[in-house]
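Given the sequences, and given the hints that come with them, work out the whole structure.
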Amino acid sequence: MTTLATPRPSSQGEAFDADAVRRQFPILETRVRGKPLVYLDSAATAQKPRAVIEAERGFYERDNANVHRGVHLLSERATQAYEGAREKVRRFIGAAEAREVIFVRGATEALNLVAFTFGRQRVGEGDEILLTEMEHHSNIVPWQMLAQERRARLVVVPVDDRGVLRLDELERRIGPRTRLLAVAHVSNALGTVNPVARICEMAHRKGVPVVVDGAQGVPHAPVDVRALGCDFYAFSGHKLYGPTGIGVLWGRREHLEEMPPWQGGGDMILSVTFEKTTYNELPYKFEAGTPHIAGAVGLGAAIDWLGGLDLAGALRHEHDLLVHGTEVLSRIPGLRLVGTAPEKAGVLSFLLGDVHPHDVGTVLDREGIAIRTGHHCAQPLMQRYGIAATARASLGIYNLRSDIDALAAGLEKVRRMFA
Amino acid sequence: MSSELDDLYQEVILDHGRRPRNFKKLEPADRSAEGYNPLCGDHYTVYLRLDGDRIAEASFEGSGCAISKASASLMTGAVRGKSVEEAQALFERVHRLVTEGPGAADPADLGKLAVLSGVSAFPTRVKCASLAWHALRNALRAEKQVVSTE
Numbered sequence: 002m003t004t005l006a007t008p009r010p011s012s013q014g015e016a017f018d019a020d021a022v023r024r025q026f027p028i029l030e031t032r033v034r035g036k037p038l039v040y041l042d043s044a045a046t047a048q049k050p051r052a053v054i055e056a057e058r059g060f061y062e063r064d065n066a067n068v069h070r071g072v073h074l075l076s077e078r079a080t081q082a083y084e085g086a087r088e089k090v091r092r093f094i095g096a097a098e099a100r101e102v103i104f105v106r107g108a109t110e111a112l113n114l115v116a117f118t119f120g121r122q123r124v125g126e127g128d129e130i131l132l133t134e135m136e137h138h139s140n141i142v143p144w145q146m147l148a149q150e151r152r153a154r155l156v157v158v159p160v161d162d163r164g165v166l167r168l169d170e171l172e173r174r175i176g177p178r179t180r181l182l183a184v185a186h187v188s189n190a191l192g193t194v195n196p197v198a199r200i201c202e203m204a205h206r207k208g209v210p211v212v213v214d215g216a217q218g219v220p221h222a223p224v225d226v227r228a229l230g231c232d233f234y235a236f237s238g239h240k241l242y243g244p245t246g247i248g249v250l251w252g253r254r255e256h257l258e259e260m261p262p263w264q265g266g267g268d269m270i271l272s273v274t275f276e277k278t279t280y281n282e283l284p285y286k287f288e289a290g291t292p293h294i295a296g297a298v299g300l301g302a303a304i305d306w307l308g309g310l311d312l313a314g315a316l317r318h319e320h321d322l323l324v325h326g327t328e329v330l331s332r333i334p335g336l337r338l339v340g341t342a343p344e345k346a347g348v349l350s351f352l353l354g355d356v357h358p359h360d361v362g363t364v365l366d367r368e369g370i371a372i373r374t375g376h377h378c379a380q381p382l383m384q385r386y387g388i389a390a391t392a393r394a395s396l397g398i399y400n401l402r403s404d405i406d407a408l409a410a411g412l413e414k415v416r417r418m419f420a
Numbered sequence: 557m558s559s560e561l562d563d564l565y566q567e568v569i570l571d572h573g574r575r576p577r578n579f580k581k582l583e584p585a586d587r588s589a590e591g592y593n594p595l596c597g598d599h600y601t602v603y604l605r606l607d608g609d610r611i612a613e614a615s616f617e618g619s620g621c622a623i624s625k626a627s628a629s630l631m632t633g634a635v636r637g638k639s640v641e642e643a644q645a646l647f648e649r650v651h652r653l654v655t656e657g658p659g660a661a662d663p664a665d666l667g668k669l670a671v672l673s674g675v676s677a678f679p680t681r682v683k684c685a686s687l688a689w690h691a692l693r694n695a696l697r698a699e700k701q702v703v704s705t706e
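Quick mapping for you: the protein sequence lines, in order, are chains U and E. Numbered by my numbering, the letters in the first sequence go through residues 2 to 420 in order. Numbered by my numbering, the letters in the second sequence go through residues 557 to 706 in order.
Because the hints were derived from the structure by calculation, they are not lab data. Check each hint, because a few of them may be wrong.
[Claimed, not checked] Pairwise CB distance ranges (calculated):
{"#": "1", "chain 1": "E", "residue 1": "698", "chain 2": "U", "residue 2": "417", "range": "43 to 49 Å"}
{"#": "2", "chain 1": "U", "residue 1": "337", "chain 2": "E", "residue 2": "649", "range": "35 to 41 Å"}
{"#": "3", "chain 1": "U", "residue 1": "381", "chain 2": "E", "residue 2": "679", "range": "28 to 34 Å"}
{"#": "4", "chain 1": "E", "residue 1": "656", "chain 2": "U", "residue 2": "73", "range": "49 to 55 Å"}
{"#": "5", "chain 1": "E", "residue 1": "648", "chain 2": "U", "residue 2": "354", "range": "33 to 39 Å"}
{"#": "6", "chain 1": "E", "residue 1": "567", "chain 2": "U", "residue 2": "55", "range": "48 to 54 Å"}
{"#": "7", "chain 1": "U", "residue 1": "163", "chain 2": "E", "residue 2": "641", "range": "53 to 59 Å"}
{"#": "8", "chain 1": "E", "residue 1": "656", "chain 2": "U", "residue 2": "163", "range": "42 to 48 Å"}
If you're wondering where the values come from, they're calculated on a predicted model, not measured in any experiment. Backbone N, C-alpha and C fix where the C-beta goes; we use that ideal spot for every residue, glycine too.
Listed below in structure tokens is the structure:
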């Protein structure tokens, strides 16, 4: 695993104590199927610390009202909480201004927003949109829809057998018709960390803007959008220990200002007559309708909570777990890791002999072990490796070595059953 | 190991999953239909050779988990010699068996197919067990399109 950017100084937090961190996640104390829960599916969604659960609950119990509307006290408090969360996100990703932070439902909605505003402005007939073979469907399908609409085409950058993006091929594919490059920061199916800063340099040299799917990026290391140099960065709150239904699109102000609104409705306007509507300023131009206020508050709480940890220690802990997991799984006869890039974060994708991942998942589930099985919304990537599915164990800040060891023991059981 | 898990992965299932019977393409086939589960990528084609109203031979090919493969394997054995109507009735019974459990479908005269009843305790795996059966039903109806259990 690599650090995605320089970790922030850890002086404000306590030294990282994995057991103490784990105890802050109430769900991890539950038992499933009579066994202690071993949660190894954080790449699908992360569990929530008490601080996040309490923040959302506290908002509904004390501050709930609509934002940007009322003159009454609760509306004022709700607006402060919502805008306060935006500022927390701004600091968290190193954005220049809070108005560059657009609240959306999640990374998927963020990517759709870019495709159908910025993309529509930039991509025309015969143009090319550059993607990579390791993209999640959410960073493929919106571009495909746009390409169909505009009679443009998708150009795909291959990955090598380890799951490393072929940068030479990427550079070769940036051509005179390339209008946009969309790339995952971290692959959800393989764990590969892409060198986004370098990719942005390559693309910008040829005047091509870069959209980064950061859904798996933000949970595993600090992100600084200005250091990365990208044009857009999308992520979901729920993979960052925050609530579902809230996510972020960050974009450079000059782009956001040029882009037309995406959805129309309340809050995104300054004035409306039946003849003409004047759109609101950033970020509200892109936030039509009542937003997920409590979700934003929860996301802000997740960011605060992460900020109180020894982040360097947390990263070291996660890296150790990944190394330990790689070693332990590699020792299991017949097990093949899918995705062995030198720069990896948080994901152990594998096949166990010819046992179908679904069967692996069902047997592990009966041991209380939650993993994901299937194509991980990355079917083109599965095709690249000639497989239909993998089993994927993915790590969160709360996992311990004992979780990995439970997984290994569960896999031994699978092996005995299907031998 | 939990007994539900034992019920799901009974020896018959594991055996048919490992060594599926009638696992081939029928050429020529009178009917064929595909079954696809996009959730897990399981994908089978079921082939039928008919003799008048009777299924003279059934086979399948494709890939998927132990449950879907064993179910397809058992199915191709079970429908051989049955009339189209009987095979359709069997589809209904097996569907009840895997969704509602052994109480629902009188497994006594279902023969080996009774082992599929263990699936009912695993709601997420019902689609695996019924995938090939849905393809069979479409083949019987002479529908050529891909069926999906999603």
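Hint-by-hint comparison with the structure:
1. E:698 x U:417: 43 to 49 Å: holds, 44 Å
2. U:337 x E:649: 35 to 41 Å: holds, 40 Å
3. U:381 x E:679: 28 to 34 Å: At roughly 29 Å between Cβ atoms, residue 679 of chain E and residue 381 of chain U fall inside 28 to 34 Å, so the hint holds.
4. E:656 x U:73: 49 to 55 Å: holds, 54 Å
5. E:648 x U:354: 33 to 39 Å: holds, 36 Å
6. E:567 x U:55: 48 to 54 Å: Since residue 567 of chain E and residue 55 of chain U have Cβ atoms about 50 Å apart, the given range 48 to 54 Å holds.
7. U:163 x E:641: 53 to 59 Å: holds, 55 Å
8. E:656 x U:163: 42 to 48 Å: holds, 47 Å
Checked against the numbered hints above, the structure violates none of them.
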